[in-house]
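Protein chains in written order, with numbering that gives the first Met the number 0: chain A, 0 to 348; chain B, 0 to 348.
Wrong hints could be hidden among the right ones.
The list treats identical chains as one, so a pair stands whether inside a single copy or across any two.
Here are the simulated SDA-like pairs of lysine to any residue, each with C-alpha atoms no more than 25 Å apart in a straight line [to be verified]:
1) Lys-96 <-> Ser-220
2) Lys-23 <-> Pro-139
3) Lys-23 <-> Val-141
4) Lys-23 <-> Pro-277
5) Lys-23 <-> Gly-121
6) Lys-23 <-> Asp-333
7) Lys-129 <-> Pro-270
No wet-lab data here; the hints were simulated from the structure.
There are 2 protein chains.
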Amino acid sequence: MHTLPPYRRILLLTEGRLGVFTSKTAAVLLRYRAADIVGVVDSTYARRDIREIIPWSPPVPICAEVRSAAALRPDALFVGIAPSGGALPPELRTHVKAALEVGIDVVNGLHQRLADDEELCGVARGSGAKMLDLRTPPSPVVGAGRAQQTRCRRVLTVGTDCNVGKMVTAVELAAAARRRGLNAEFVATGQTGIMIAGRGVAADAVVSDFAAGAVEELVLSVADCDVCFVEGQGSLGHAGFSAVTLATIHGACPDALVLVHHAGRTHYRNPPHNPLPPLPALRDAYEQTAALVYPARLVAVALNTYGVERDLADAETARIGAELRVPAADPWRDGCEALLDAALEGIRR
Amino acid sequence: MHTLPPYRRILLLTEGRLGVFTSKTAAVLLRYRAADIVGVVDSTYARRDIREIIPWSPPVPICAEVRSAAALRPDALFVGIAPSGGALPPELRTHVKAALEVGIDVVNGLHQRLADDEELCGVARGSGAKMLDLRTPPSPVVGAGRAQQTRCRRVLTVGTDCNVGKMVTAVELAAAARRRGLNAEFVATGQTGIMIAGRGVAADAVVSDFAAGAVEELVLSVADCDVCFVEGQGSLGHAGFSAVTLATIHGACPDALVLVHHAGRTHYRNPPHNPLPPLPALRDAYEQTAALVYPARLVAVALNTYGVERDLADAETARIGAELRVPAADPWRDGCEALLDAALEGIRR
């Protein structure tokens, strides 16, 4: 498991890519770690008002380079992009090197590891800065269904596809549960989740024999809370990533599942862009496969309606809720009290 | 994908562990590569008649050390054990080093890689011997369901647990299909399978994001045969290894599934030794989960009755066949004509 130092003055690196979709990691961190972010490094957008680009952002400055952000006294630079393939583009590497040179730690969620870059290692050694590669796998553990024995109840977000909002839904549900006085934890299974929670594991970077075990260890680490909301991965019907999905299911042994769907999406975003399965068939597959280790019911649907017109979003939410006969809502737009009610009802034993 | 050189004079290394269960890899190779094996290295059993220990073995000598096997003119030493954890015991490493010193290639299926051992690397460089670590993952590819577009039909063996006979069943089915004149391939997804087929990939050692992609690439490499029999991994209900299982399903896009079960086994062999799920529930979960990418029916059950008394084995075979309403047989004891009939019927489109 990765545990980050308690950074409180974070710079986000997006060089040339700042945007809701083009720097998804930064956009999400600007919402969920707003209080800990002091600025963004992106020469393309330097000195622009960040709220024109990321509407929900706090009013932090956009700097052209790490040196010009020195007055912000940053304690870490977080790589704020997540491109397909997971490589570090050269124009971002320049800023990473500059940060390390002046002793600023760098947190990186890309598949490409900073620790494999000899020059950066040398610079970090020289300044004493740390490099944290969040996709470095934990030591291997074989899953054994131990999560089902925790004191805490477990809710897992599962998706109809990648990039639909499973992490955001889990974060919002945990926050809503805490507002109700519950001792609730968000459990991060991906690199952006780790940047938000400060701890977690990137399940997709774990060797498949040990992926469920990695998620299980993570749930055991919050065993004594009241309820944990585990970030799911991929989709059980995704031709490439379903293995990671099942590792989160059998690793976390959830009591309840919350299905997350991007309103209006009819086909997988990845090639070959096959049609998504009918939602009832997907629900049945999730429940039946979970039950082979530990039974879980699908108790709610979180609809991601970002960019969808209000009328259409409402119609889609009503339609899907009726189709699966569970509460449905957009946790970002509508809040997630209704989803939380359903989840807490679903985890009663 | 790993492709082995065409070794024809193989030594098997089992040091202190020769036995049907204690050196499973060697035992299986003595059946399926009988014509290519010239001897076994195991000082504990040296000069014993190997057929007292492995009943189906060809009458090859057991030697105390690699040097005393020189007259057999071996071209490779295969590590013939697969201990839990996957480490290379020191007493086996001694023989590995001795083989490398005299220029004999070493093929290793353990998680622990010979290439990470600096001393062995030095010895191999000196003699020109090669070290082949079969658990080294292939270059990363994201699965995209492309196996469903191959000319060949695809049959996947799936299990009720680990160590039930999925690999043996796939090997036997492919051999039976070839005897009927079909251009049939066995597709190896584990290290022992690779040692038999001479090519394949160890799916359990691939990072979970890329495990389905690795199996998909493998199936595409035999796209033009008539029918391929893909070795499954783990079980969809296994708390630790289900992710690997699903990677083989969505990677191979099988037309038909053959369920493999160890007669009389009621609980998982791994901790916490939970009861196996009811077979109809397991079948439904396999079929529903497969269908999210490509539909497959479970068409037969291969019963592993090794060590079970004949009467009990027959009763169990009849009972399970009736329960799932498909042909059931032990491919090792009964041959697999009935299973092959069911598989070939099942893959008709």
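Note to self: For a quick check of understanding: which of the numbered hints are violated here, in increasing order?
What the structure shows: 1, 4, 5, 7
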